[in-house]
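Visitor: Given next are the chains, with one letter for each unit.
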Amino acid sequence: MSTRDNWRNLGFLAGWVVLLLFVPPTFSIYIRSFFMFLMMYVILSLSWNIISGYTGYISFGHVVFYGIGTYATAILVVDYGWHWIMAVAASGLVGAIFAILIGYPVLRLKGPYFAIAMLGAAEGTRVIAINWVSLTHGADGIAYPNIENSFETYIAMLVLMVIAVIVAYWVGHSRFGIRLNAIREDEIAAESLGVNTTFYKMAALVLSAIFPAMAGGIQGYKTLYIEPESEFFILITIYMKLFAMFGGKGTVIGPVLGAFILYSVQEYTWIRFPTAHLITFGIFIILVARFMPRGLIGFAVDRGWARKGMVH
Amino acid sequence: MLAGFLVIAYSLPFAIGIYTENVFFDRQWLADLATVVLNGVMQGGVYAMFAVGLTMIFGVMRIINVAHGEMVMLGAYLSWMSFFWLGFDPLLAMVFTLPIAFGLGWMIQKFLLNAVVGGPELTPLLMTFGLGLAMIYAVEAVFTTDFKSIPYAPDSFQLTETIVVGKSRLISFVMALVISVGVFMFLKKHRIGKAIRATSQNADVAMVCGINIYGIYMVTSGISAALAVAGGVLVSIQFGFNPETGIIYTLQAFAIIVLGGRGHYIGAMIGGVMLAVMESLISFMLPNGTALVEIAAYGLMIFVLLIRPRGLMGPKTD
Amino acid sequence: MAETNEIALQVKDLKKHFGGIKAVDGCSFDLPKGKISGLIGPNGSGKTTIFNLMTGVLGADSGEVVYRGENIVNLRPYQVFNKGISRTFQITRIYREMTVFENMLSASSMRVPESEAREQAEKLMEFVTLTPLRGEYGGNLSYGQQKLLEFARALMTDPEIILLDEPAAGVNRTLLQNLLAHIHHLQEEEGKTILIIEHDMNVIMNHCEKIFVMDYGVKIAEGLPDEIQNNEYVIEAYFGHK
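Protein chains in written order, with the numbering used here: chain Z, 1 to 312; chain W, 1001 to 1318; chain C, 2001 to 2242.
Excised from the complex, chain Z in its bound form (with noise of 0.2 angstroms):
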């Protein structure tokens, strides 16, 4: 990738925020919502796909980083009266502290295993959640106090997205990634070719924690009330997954055009059947996953309309 390359995708990336700046003036709070999930759900496909692309650990739980964000953020908010976005960066942290936490043994699990326990890990997090009432108020939820932010949460969500694509396009092309691949591919010849498996699979882990657990922070704040089924619900995983794989897992521009292109789908066909549009998804997840193992820009390589690998 030559400095031109670079310069002409940030050109390009600058322009989506030009066009995302002129959502909020332009269109009604509920379009605004709309694209403020829509980039949310650009960042967690594209924290997904740190562990899970490049890395190839598929995790099944990784909306225990997003809950956790929402929970921290709410608790500093509401219980210790921080400002929202001081708790927002704050989240962060928690998050990749968590992603220490409970990468040190999960990381030791290979394949099935980690992503099984993956979703234990979330299950069991939503559990405590629920019963940790002293911390989190329990299955009440919490509840901010209610005022109009539309506005500052959707630029607070533009802001994490750029951050989230710049750091996932570095991800994407630079040795760091290549060395995430090489865990993927042959775990035991990365380890035997200099890469400290350990370090880069909790590093993996810990930057495709951080930026859910920011987005679910400032999503929290925006919805103005959490509570412990709908942070901790297994369906935003899915959403992050199936969105990554649609379009491309081990891309950078594979999880954009993956929640883009099924996230405008979902909200579409959500309005119209609100259940069958969930039945569908699971037997897409189906047929990506049989047929399409590698996405869309897996589909463009194959016919030689995108070059092979991420660095040239």
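Hints listed in this document are in silico derivations from the structure and should not be mistaken for laboratory results.
Nothing here was measured: the structure is a model prediction, and the numbers come from that model.
Glycine is no exception: its CB is placed at the ideal position from the N, C-alpha and C atoms.
Any given hint could be a false lead.
Using 20 angstroms as the maximum straight-line C-alpha spacing, the simulated DMTMM-like pairs for lysine to aspartate or glutamate come out as follows [as the list claims (entries may be wrong)]:
| hint | chain 1 | residue 1 | chain 2 | residue 2 |
| --- | --- | --- | --- | --- |
| 1 | Z | Lys110 | C | Glu2189 |
| 2 | Z | Lys308 | C | Glu2190 |
| 3 | Z | Lys308 | C | Glu2227 |
| 4 | C | Lys2015 | C | Glu2222 |
| 5 | C | Lys2015 | C | Glu2070 |
| 6 | C | Lys2033 | C | Glu2190 |
| 7 | Z | Lys308 | C | Asp2215 |
| 8 | C | Lys2035 | C | Asp2200 |
| 9 | W | Lys1148 | W | Glu1244 |
| 10 | C | Lys2035 | C | Asp2025 |
| 11 | C | Lys2035 | C | Glu2190 |
| 12 | Z | Lys110 | W | Glu1244 |
| 13 | C | Lys2012 | C | Asp2200 |
| 14 | C | Lys2035 | C | Glu2189 |
| 15 | C | Lys2083 | C | Glu2122 |
If the Cβ cut is set under 8 angstroms, some of the chain C residues that face chain Z in the computed set are [stated by the list, open to error]:
| hint | residue |
| --- | --- |
| 16 | Phe2089 |
| 17 | Ala2221 |
| 18 | Gly2223 |
What follows is a list of derived Cβ distance ranges for each label pair [stated by the list, open to error]:
| hint | chain 1 | residue 1 | chain 2 | residue 2 | range |
| --- | --- | --- | --- | --- | --- |
| 19 | C | Ser2142 | W | Phe1239 | 53 to 61 angstroms |
| 20 | W | Tyr1010 | C | Glu2236 | 52 to 60 angstroms |
| 21 | W | Phe1239 | Z | Arg108 | 45 to 53 angstroms |
| 22 | C | Ser2142 | Z | Leu287 | 57 to 65 angstroms |
Given the coordinates of chain Z, work out where chains W and C should sit on it, guided by the hints.
Guide: Only chains W and C this time, still in chain Z's reference frame:
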């Protein structure tokens, strides 16, 4: 090391119980404890039965079927439908619910999983995950997310002066035992059962010996689904359920086979009882324990995977 | 090249048992510096296990591997690699869904700036004639090309010692001659120490200066190619009792 861990794990509820003053060691409390453990063992029989289904698929195909719990959930709904719509006794209805489940498992294997056996291990994982999702919401579309239950034999047996066992639980335990023994006998004696065991030993050799391994895969999937549905039926007469309870059963079944040793049938039986007893101890002794029982499965699973990945009875190499 | 008797690496009484099987059972040898050495022995004699112990892929039960005055046994593989000992595998372990170029770059040292690593990768791909395939997935290469790629990848950090596990297996004659020329080039021009595990006796006898013979996890002989060819223990190990 595993033994040490298990001792600590099982004494933990006692320790917390003593700390929070839920443990008394008087006569009444000990009798309650005995009741709880006995109930746990019986519940364990049911867990073990559907965990055997999961371990069979893993043993034969090296696939982890994350839709297994959803199959249990489906079983509960089949049972509910036969009770309320058709007016059948749920246990009697197994005469047709189990064949339906077998057919479903057979078809899932034929149309979805046969193509990916032996490939990258994450593909079937993702596929069964998608399948589970589709099942949850298909059931939700019909039954909504409301909890359902079946009023079945709500009274209980007075075993001794102090020990009481729920009637439906005892019936479930006996049924689970009968079905499990039936499956073991089938695997031990029947020609197809032997072929299944041969395939799980070594699929290549089995193929060379003239076994149609894809046929065996379909039978295995069918039996596994039938076991899961049987588990669902037995759960449905004891507890409430809704479409989203499936994930808990998946995690329980997975914890059990990890504990017992993947692909190992007797291990799954022991693991099932151990998990259920652990859950009973937690719900009995911890303040607000019933809400925390789910932690048992996740905790046991993660620690066993770390300390002794092959579990209690699993083979050394994997 | 001047005749020296320096030692690059010392294996001292190394032991590794798997359950009841004594894969390596008290093996010792001194690897001469700046030379090509061969490690031979019948199947199951513990050659690959020695490699795995030397590179940290396996932990040893006892014994030492001394390199630059330091015992490197039981270090993690990446630490051994970063000290300057690189290896290939018996069955190639290239990254199948990464391009040839990415395979190369993955093994570069993070202490070296990326531009330098890229240059090194280009140079080595040129060296093993893989430049035309630099954008192709590793998994799409032929087996022989994969062997070349793995060999080139092992050179990315300019290691001092290179351990090659059966470089000739499955490689056609022309490619093999190429590979051997590369190996000689490394030894003669750059003074690398090379240890080769090989079953192809032509490769061993014609290209190695020193040969170590293993059987049942111990070294049974060492010497120059002629000495080994006439050593009765070696003949016995390979062909059994007369």
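Visitor: Where does the structure disagree with the numbered hints, that is, which hint numbers, in rising order?
Guide: 1, 2, 3, 7, 10, 12, 13, 15, 17, 18, 21, 22
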